[in-house]
Amino acid sequence: MFQIIRISLFIVLTLGLTQVQAQCTLSLSGHVNDAETKEHLSEAVIFIKELKLSQTTDKDGFFSFKGLCPGIYTLEVSHAGCITAEKHIHLKADLETDIDLSHAIQELSEVVVQGRSSGSTISSNELKGKALEATRGLSLAESIKKISGVSVLQTGSNNYKPVIHGLHSNRVLILNNGVRQEAQQWGNEHAPEIDPFIANRISVIKGASAIRYGGDAIAGVILVEPKLLRNDPGIGGEVSTSFFSNNRMGVVSAMFEGNSARRPAFSWRLQGTVKRGGYARTPNYWLSNSANEEYNFSVTAGWKKQDRGAELFYSQFNTKLGIFAGSHIGNVTDLWNAILAKDPPDYIKNVGFSYKIDRPYQEIQHQLLKLKSWKNTGDIGRLNLIVSGQYNNRMEYDQKRFASSSDVPQLDLTIGTGLAELVWDHFNTGDFRGTIGGSFMYQNNSYVRRLFIPNYESSNAGIFVIEKWTKNKLDLEAGLRFDRKSIYNTTDNGAVNVYADRFFNNLSGNIGFNYRFTTSLRLLFNASSAWRAPQVNELYADGLHHGAARIEKGNSGLSPERANNFAANLVFSNSKWEIDAGIYYKLIDGFIFLEPTFPPELTIRGAFPAFRYSQTNARLSGLDLSAAYQFDAHVAASVKASLLRAWDKQKEQWLIQMPSDRYEAAVEYNFGNARKVNETYLSISSTWVLEQTRVPSTGNIEVPGSSVKQSDYLNPPPAYFLLAFEAGTKLKMKHSNWSFILSVTNVTNKAYRDYMNSFRYFSDEMGRNISLRVRIPFDLKHKHKS
Amino acid sequence: MTMKHIKFFTVVMLGGLILAGCKKKNNEEENEEELITTVNVKLTASGGATQTFTWKDVDGPGGNAPQISNITLSPGISYACELEFLDESKTPAENITDEVEAEGTDHQVYYEVATAALTINGLNTDAGGLPLGITSNWIAATSSGGTVKITLKHKPGVKAAGDLVSKGETDVEVSFPVVIQ
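Just so you know, the protein sequences line up as chains V and H, in that order.
Using this note's numbering, the final residue of the first sequence is 1102, and nothing's skipped along the way.
Using this note's numbering, the final residue of the second sequence is 186, and nothing's skipped along the way.
Hints should not be assumed to be uniformly reliable.
BS3-like mimics (lysine-lysine), calculated; alpha carbons at most 27 Å apart, straight line [unchecked claim]: (1) V:Lys446 <-> V:Lys591; (2) H:Lys95 <-> V:Lys869; (3) H:Lys160 <-> V:Lys716; (4) V:Lys716 <-> H:Lys95.
Pair ranges (Cβ atoms, derived) [as the list claims (entries may be wrong)]: (5) V:Ser875 <-> H:Asn126: 55 to 65 Å; (6) V:Asn933 <-> H:Thr77: 50 to 60 Å; (7) H:Ser149 <-> V:Lys965: 43 to 53 Å; (8) V:Val983 <-> H:Ala166: 54 to 64 Å; (9) H:Ser79 <-> V:Pro1034: 48 to 58 Å; (10) H:Val184 <-> V:Val1024: 29 to 39 Å.
If you're looking for bench data, these hints aren't it; they were derived computationally from the structure.
The C-beta atom is built at its ideal place from N, Cα and C for all residues, glycine as well.
Isolated chain H (complex conformation) (with noise of 0.2 Å):
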């Protein structure tokens, strides 16, 4: 009996010792992490030429530190605003804005003006009806100055008609300084 004990465990022994060096190894494509490095806002004024304004940090968080280029705008001139992400750690670089647009319905842009005489509406919409703000226009009123700040949020599954930006998780949050001369 004791012997038919021994050798009943010693095989559970040796299945489970075989188990673990046979841990099966992951195997899925070995993708980076989605990054966001840049974000280019494209500005258009009505029968006018494509500026564009960058905020970029090529290396990710920590290393080197971001460049950010100065939004100016002429007074009482309306724009139709583009905004592009993008991830130039990889070569050529990945347009990430068609995976925000592709999931509209988990995320939501923001514009916080600070100071400058600007307004910012008409932001476009996901495939159910609510803000999006990939697009959007842009009102320069009178002679100012200030900030412009950018936020993209990620709200899976919980986005809901009149988010306030302090819900959910933070994807892009710059903060661009405006001026309108």
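The following block holds chain V by itself, in its conformation from the complex (with noise of 0.2 Å):
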């Protein structure tokens, strides 16, 4: 019987750029040849277990798969006379490579694919492997924050949401598990509803050019993927912990999956996290009622042939949200007092530890089922169905006004979703490829108690067309999508108000090239076209948001904005260097933001900043760079650079909000392999975030006892300068490698607040964390297989 060699395989480790193309095109090809006489091997067999496809390579010892999806592959590769190799591929553009067959048993250690990538025209970055590794038990917004043009956006020490080159909620497309993450995006202080648990790979598409899955992603896409079900008979998995110092919080996610001998079509996974911290603390102080806690689980269950599958994937996510006490304010007096006095009051700051949750907090749930179902047409195609329905619900709980109120939350709002999408892939068919497909989505928001955006319904129907045309060096790819957006039913309010039925449509498109100098230097531009019609809260929002003291006004006179954008980058990529240069210009045409208006808001409870939403052009352009270099088999060192500027056309002035430019340098020293502990490192790293001196210069916030008036209550906080510490290590054991990871982040212990943190008017940020996690895997192979 044949024998197995494990080939692993590490295809750069840090975040280094990647072609993540969403559409399931992709080919695999090469060469299998053997391993002493470098002779092309006809007849030999190639499989790729988690797909159930086989080949048989032709007389020159060619094969070549096509129509494959982004993912990580173990390839089995065998031929008479020889061993079977087993080889992991991480798959994520067009790859060629070769496979050598030894006759005789040897270990192969880390073997780099340097394949002829081609793929997609717009630049992507992930987070996989030992860097996704290193952010467990963090948020998905603070998991991606490490990468370059990615910033986040945050309430306090536990609420963060993602940011793509200075843009963020509605513009800011979240695919979990391949479908549109549809929540209640209104309001900084939402985050996203996911664990990134279930995610074996986080991908950030930067730019509006993933039009796959809508035109309105006008800043970009995260896709949250899991890993494929597993294919070999067996029960697997893993047990992950995280223990982190400052707010005491643990982490604790398992997961469970098989595949059964007897029908090895079916495969299923069980995923389950819970966490829970308490209070986190500053350097000085500890930030009363911000703990926070998270329970989710997920289902899985797979059916795969070779022509034909279907998933069943179900999740659910509940998380409860403690509000910084510090942060509650009645109205504008009560900010002013708060902003003026520096740090929060003596009695907020001089509570001790706790894991309680009081009022204010947030309850959100999210349920995700989704159903999606594939099969081939003839050799030249796919076609794929995808059902889903998600269920959002938010519940704010404001401080009780009098001990014997009521506990029922204020703000109470659920949003119901309907997804359904058709989707043909060919990839067989000459020069082009493509997916062609169209979608539909139904949705239905409700609310209890107090009216912040009406009840509505909701309904999208769109279709695309992506093509793309490979020659030699160059690749060429096109998209063009129409959308027809309807938000109705907006009468069923109780006659406060009369909202319009509205409707959009619109083209949205892209165009690109990818062309590649040699192996290692690639050029990729990309041109867009997107729009995005205005949401139901930018356009009938009316009340007080909770937490941010604030009255917010909707606009029923917004149009949809539009970005034209321009994107390229410089891939340089060999064995000693890592760099992308990328380079973007946005022109937004109707940039709909929230403009303080003026006088502030006349209430019982005294005057409140009122905000309308409004549109101006913006102007956004930046540069994104990341360069890393090895110098030898230890010691490697990476920079990366995110700098922004976000122009208001009309006003001419800089745009609020908008994150400051960040530099980051690290310097990791590897150990190597010893028999018992493997892949241990050592890393340091610094993070540089300059003082954000490019704000309106004019606006509309009173300062108190003065006839000033700025843009905004606080002038931004000064640059900031942090190191972070991190180790790592994996051990053998019995059964499997067990891998730590120990961490510390602000090691100094700094006193800062950062100007993307909405409560930078109340408290400084975490001081330091120190941080463990740890990774168990295990699997349980059938005794007579192997």
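Taking the hints as your guide, dock the two standalone chains into a single complex.
This is the structure we're talking about:
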């Protein structure tokens, strides 16, 4: 019988630039060679275990798979008289790779595939492997903030939203296991309801080019992708735990998966996460009432044959987030008192540590049910049908006015979403390949208690085509999409107000190229035009925003915003260097934003800052740079830079609330492998965030006791410099490798504030945080196999 | 062994789904949010009739602008003042003053006079002997004009002697024009 050699393959462990192509039209090809003679081997069998696809090499030893989705696959290569080789590949673009088969037993370690990669003309970055493991236990947005061009919008210490090139909320689309995450995106304190533990790969596509999932993602797309279901018989899984010193948070996540020998087509997976953290601590005081809890689980069942398959996925996310007591203010006078006092008052600062969550807090539930099925259409393509349902409930509990007041939430919003998508991928059609499809979405939103946005129903129908032409060193890609969005049934609101029904329809499109000068140097260019219809909150919001102590008013006269986006990336990658330099230039006509209105709105609780949605023409341009250099087998260094300039073309001033320039540098030392201890490393990294000096010069906010008006209550905080330390290793245990990562963030316990945290008015950021992550994989294989 | 495992996990899976489907509905009474829409300032000159001055915003924050009456006082006269907080968005209107008084140890009313020759003192106290301010004495001196700002603060568990108006969360902050003539 054949013996199996495991060839471990590491393709850039850090956040290297990769190609994520949303469509499943990738190809994997190459030759199978005799390791000694380098002769091409015909009649060798290549089997992709996850897909149960096999091919036999032709007389020149050549094989070619087409129509593959991006992902991590296991290849089993066998040939009469040779030892069967097993090879893990990370497919993110077209890959051409040669596989050498040996006649003798030998251990091959760390083979780097330098394949000819071609693929999307859109630049993207991803987080996987060790880099993803080092973020375990953090929220989705915190996990990806190390990617250049990505930052976070914070509300206190446990509420993070991803920001791409300065844009967020409805402009960032999150794909949770292939489904558009549809939740309540209004509000800066509405973090994405996703458990990052479901993913083994998180990718960020920057720019407006990913029209496959909707034209409205004018900032970019975040793909949260689970690994493929288990394909070989047995039961396996892993337990991951993380502990954090700062808020004494513990996270446990477990995953079990299996496949039965008797029914090899059927695979399943169960996954769950429990997370509980107490008050966070700044260098000088506890953040009272900043505790959090999270309980999530997901279930996946898959059935796969060579030419068809289906997958059922259900996930549930539950969280309860305390809101820092010092941020809860009654009116604009309270806000000024808090700002002028600089630090929280003593009676809030002097509390001790606790896990208790008091009012004000948020309680959110998100459920997703997805059914995906696919069938090959002959040899040329594949038809995919994805049907999904989502339920999102958000309850916001304000401070109670009296101890005797009822315990119900002040805000209770529910949104239900149904989504159906029919897509045909074609990949065996000459130099052309692509994806043609259509989608339909229905949404129903309802509120109980305080009105903030009205009840409504909404639908979105879209059709699209994306084609790619590949010849020699050039890939050309173009896509076109048409969407029609309706907002209706907005009258069912207790006759408080009459809201008009709205319909929007328009085209979005993109065109780009990817040119390979050499195997290590590529140039990517993409131009796209996308539009986003105003959301219900932008049109019709009316009322007090919880925690934010401000009145937000919609503007029913808004028209869709149109983004014209140009991006170019130069990518250089060889055994020493990994460089990605990208520039972008984005013009957004009718950019929708919240503008402070003057005077503040008078209520019985005093004056409240009032904001109204309005539109302007904006220009966002910037640079994302990441460069890594491998000095030798042990030492590597990397630098990153994210620069953004956001300009209001109508008012001729800077746009408010945009991330300031950020630089990062890191040095890593790898100890190499020993008999029992593998992949041991140490790294030190530093982050330097500059003061945001590009803020609007004039505004509508009145400074108390003077007639001066400024654009913000408080000027942006000064620049800060943070140090972080990380060390990791893998211990070889009897049955598996246990992985340990120890990290320290904010090593010097520096007190600082960040411009992108709305609680910068009230408190400092978290101080030093020491965390330990342990991951224990396990595998129960069948005794009679292997 | 594998079949056993599969059965076990199927049970767990179904259990999870059933739990999700039967998520406990919150059956607490559908109580509307406590809203203060109206502040009545009832002023009684010794031996005289009671005058009521009102600050009200019946539709709450947003919507229509509030209605504010002018407080007119006579020089050299002392008044007994009593405050009344109402929620007039409900029918019949709900009196919230009793709740403020019942939880007097968590609340405090502040009076701030600007420019007018008006002195306010004699605030009533809560159960702990700290100022509450639902009732007070107003002493109008000479002819003048200005404003009086009335602030109701909510300070659950942290109310202490000598608290400034900046402490705690604001439940009410209204400003009345005052004329002494």
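Taking 48 to 58 Å as the stated bounds, is the beta-carbon spacing between Ser79 (chain H) and Pro1034 (chain V) within them?
holds, 56 Å
Looking only at beta-carbon atoms, does the pair Ser875 (chain V), Asn126 (chain H) fall within the given range of 55 to 65 Å?
holds, 58 Å
Does the structure keep Lys446 (chain V) and Lys591 (chain V) at a Cα separation of 27 Å or less?
holds, 21 Å
With the threshold set at 27 Å, check whether the alpha-carbon distance from Lys716 (chain V) to Lys95 (chain H) stays at or below it.
With Cα atoms ~19 Å apart, Lys716 (chain V) and Lys95 (chain H) stay inside 27 Å; holds.
Outcome of range test on Cβ distance (Ser149 (chain H), Lys965 (chain V); 43 to 53 Å)
holds, 52 Å
Range agreement (Cβ of Thr77 (chain H) with Cβ of Asn933 (chain V), hint 50 to 60 Å):
holds, 52 Å
Starting from Lys95 (chain H), check that the Cα of Lys869 (chain V) is at most 27 Å away, please.
holds, 24 Å
Status of the given 29 to 39 Å range, CB of Val1024 (chain V) versus CB of Val184 (chain H)
Roughly 30 Å apart at Cβ, these two residues keep to the hinted range, so it holds.
Looking only at beta-carbon atoms, does the pair Val983 (chain V), Ala166 (chain H) fall within the given range of 54 to 64 Å?
For Ala166 (chain H) against Val983 (chain V), whose Cβ atoms are near 57 Å apart, the range 54 to 64 Å holds.
Quick one, are Lys160 (chain H) and Lys716 (chain V) close enough, alpha carbons at most 27 Å?
Satisfied, since the Cα-Cα distance of roughly 11 Å is no more than 27 Å.
Against the hints set out earlier in the document, no violation occurs for any number.
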